[in-house]
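Here are the chains, one letter per residue:
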Amino acid sequence: MTRVKADLGACQGYANCVVAADRYFDLSDDGEVVILRAEVEEGDRAQVEAAVTSCPVNALTLVDE
Amino acid sequence: MTRIAIVGASVGGVRTAQALRRAGFSGHLTLIGAEPEVPYDKPPLSKAFLADTEHKPTQLLTVQEAADVDIDLVLGHRAVRLDVAARQIELEEHAPVEFDKLVIATGARARRSPWPTQPGVHVLRTVEDARDLRRDLHDGGHLAIVGAGFIGAEVAGTARKLGLEVTLVDPLAVPAADLIGDEVGRRLIELHSRNGVRTRLGLGVESLEQAKDGRLVLTLTDGETVAADTVLVAIGATPNDEWLESSGLRVDDGVLCDEYSRVSRTPEIYAVGDVARWHHETPGPSRRVEHWTNAVEQATVVAHNLTHPEELRPYTPVGYVWTDQHDWKIQIAGDPQSAQATVLVDQSDHHADRWAMLYHDVDDVLVGAVVVNWPRALIASRRALQHPTSVVEVRDQLDRNPAAARS
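Taken in order, these protein sequences are the chains called A and B.
So for the first sequence, the working numbering puts the first residue at 1; every next one is plus one.
So for the second sequence, the working numbering puts the first residue at 1; every next one is plus one.
Quick caveat, the hints were computed from the structure, so don't treat them as lab data.
If you're wondering where the values come from, they're calculated on a predicted model, not measured in any experiment.
One should not assume that every hint holds.
What the hints assert, rightly or not - Heads up, simulated DSBU-like pairs for lysine-lysine below, C-alpha to C-alpha not over 35 Å straight-line:
| # | chain 1 | residue 1 | chain 2 | residue 2 |
| --- | --- | --- | --- | --- |
| 1 | A | K5 | B | K42 |
| 2 | B | K329 | B | K47 |
| 3 | B | K56 | A | K5 |
| 4 | B | K212 | B | K329 |
| 5 | B | K56 | B | K42 |
| 6 | B | K161 | B | K42 |
| 7 | B | K161 | B | K212 |
| 8 | A | K5 | B | K212 |
| 9 | B | K161 | B | K329 |
| 10 | B | K161 | B | K47 |
| 11 | B | K329 | B | K56 |
| 12 | B | K329 | B | K42 |
| 13 | A | K5 | B | K161 |
| 14 | A | K5 | B | K47 |
| 15 | B | K56 | B | K161 |
Bound conformation, chain A alone (with noise of 0.2 Å):
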């Protein structure tokens, strides 16, 4: 199973992994991710993979359990 997990702390509110994977990902009033749903369905992963890679600050990771 894939899952997707955020650096709050380094998160910056860029919003890039929202519209990549608006289904994975929202920003906070104060504009840190939320994560909506943390595993990563197969069929999605390629989407979420694209999300993870545009964040501006390497925020996002994909672990493998």
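Given chain A, put chain B in place with the hints provided.
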């Protein structure tokens, strides 16, 4: 086995390599970079990296990550010539690299200072540039910046936080006006003034010389002289396309691509990032974009098109760029330049310096947004820009956003 070579190891090249593996490309993949550094990210170089002498470059791809997905790194060897017929790239001090398919991602470089090079005069593009500038900034004193674009304005903010005196010179009276309009441009000038930056706008630089006491003296077109310890010349960038001159590919301030980011409609050669000039599907002038998110989004499309030649995707980005200046996080989405009029949504009563300028066309359709310190407005704008949306709808959505008022 198919061989793909990517020339350029900054964000466009690196993200294309990663996206190719994600898209299932299993052939040989070579990533070639002119700099010896392990691929690093450029946005921090004018901000966090410059502010802190302990700050390490932010890596885009570690050697281990490259090895994990079988990306062959060739770093420190500049591409000097492309032979399309022979499918070969000539490199400086390295054997030529052969390919079946090629991605051109050589980016851009800082436009050179028109004045004679002298100690204390800098440009800022690479990590080496940033290290040199950082050394001088941490000696304190007076920094003069020529050019109030994103790089110049960001460094002004960083240098003020370091306690330097800063003078910002630009030939335009309102430097960002052509991009985001006069009103927002003036707000940015005001931001600099409020943070202690001396602005000298609407003025050119006649000369830059070293005085007998070693200081650098700029003479402005109105006759004023500015004596500085350090000078940053931040007057834009030039695409790195000279190595393609003899290739037969069409080069005109960037390498020309079609709507699929293919160069010369060949299925084998693509371009990505700052070096790529392309046409949208709709008629109009071609464009070349020097922004981080553009390179990342184009990389995904190029990787898809290289691996799925039967179902090519056009590249139709919604523009997005950010710039951090002083305590403002400024985010620009869409294409404010094309707007006919603007609507301001201001939350500054509830939250210091939080507002969004919405740009719309004659039919009141949102075409762009400038958002300051307001994450929810950024998301609303970027979402709305993906489909034709009335500016009134977006304004109402932001106006009634109670969370924004509360926080």
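Item checked: Pair hint outcome, B:K329 versus B:K47 [Cα-Cα no greater than 35 Å] -> holds, 12 Å
Note to self: With the threshold set at 35 Å, check whether the alpha-carbon distance from B:K212 to B:K329 stays at or below it.
What the structure shows: violated, 41 Å
Check: Between B:K161 and B:K212, does the CA-CA distance stay at or below 35 Å?
Finding: holds, 30 Å
Notebook entry, point to check: Straight-line Cα separation of B:K329 and B:K56 no greater than 35 Å?
Noted result: holds, 22 Å
Notebook entry, point to check: Given the proposed pairing of B:K56 with A:K5, does the C-alpha separation stay at or below 35 Å?
Noted result: Satisfied, since the Cα-Cα distance of roughly 23 Å is no more than 35 Å.
Check: Do the alpha carbons of B:K56 and B:K42 lie within 35 Å of each other, as the hint requires?
Finding: holds, 12 Å
Note to self: For a C-alpha distance cap of 35 Å, please report whether A:K5 and B:K161 respect it.
What the structure shows: holds, 32 Å
Checklist line | Satisfaction of hint between B:K42 and B:K161, Cα-Cα up to 35 Å | finding: OK: B:K161 and B:K42 at ~20 Å, within 35 Å.
Item checked: Satisfaction of hint between B:K212 and A:K5, Cα-Cα up to 35 Å -> violated, 57 Å
Item checked: Pair hint outcome, B:K329 versus B:K42 [Cα-Cα no greater than 35 Å] -> Holds, because 17 Å separates the two Cα atoms, which is no more than 35 Å.
Note to self: For a C-alpha distance cap of 35 Å, please report whether A:K5 and B:K47 respect it.
What the structure shows: holds, 26 Å
Notebook entry, point to check: Taking 35 Å as the top limit, are the C-alpha atoms of B:K161 and B:K329 close enough?
Noted result: With Cα atoms ~15 Å apart, B:K161 and B:K329 stay inside 35 Å; holds.
The structure is inconsistent with the numbered hints 4 and 8, although it conforms to all the rest.
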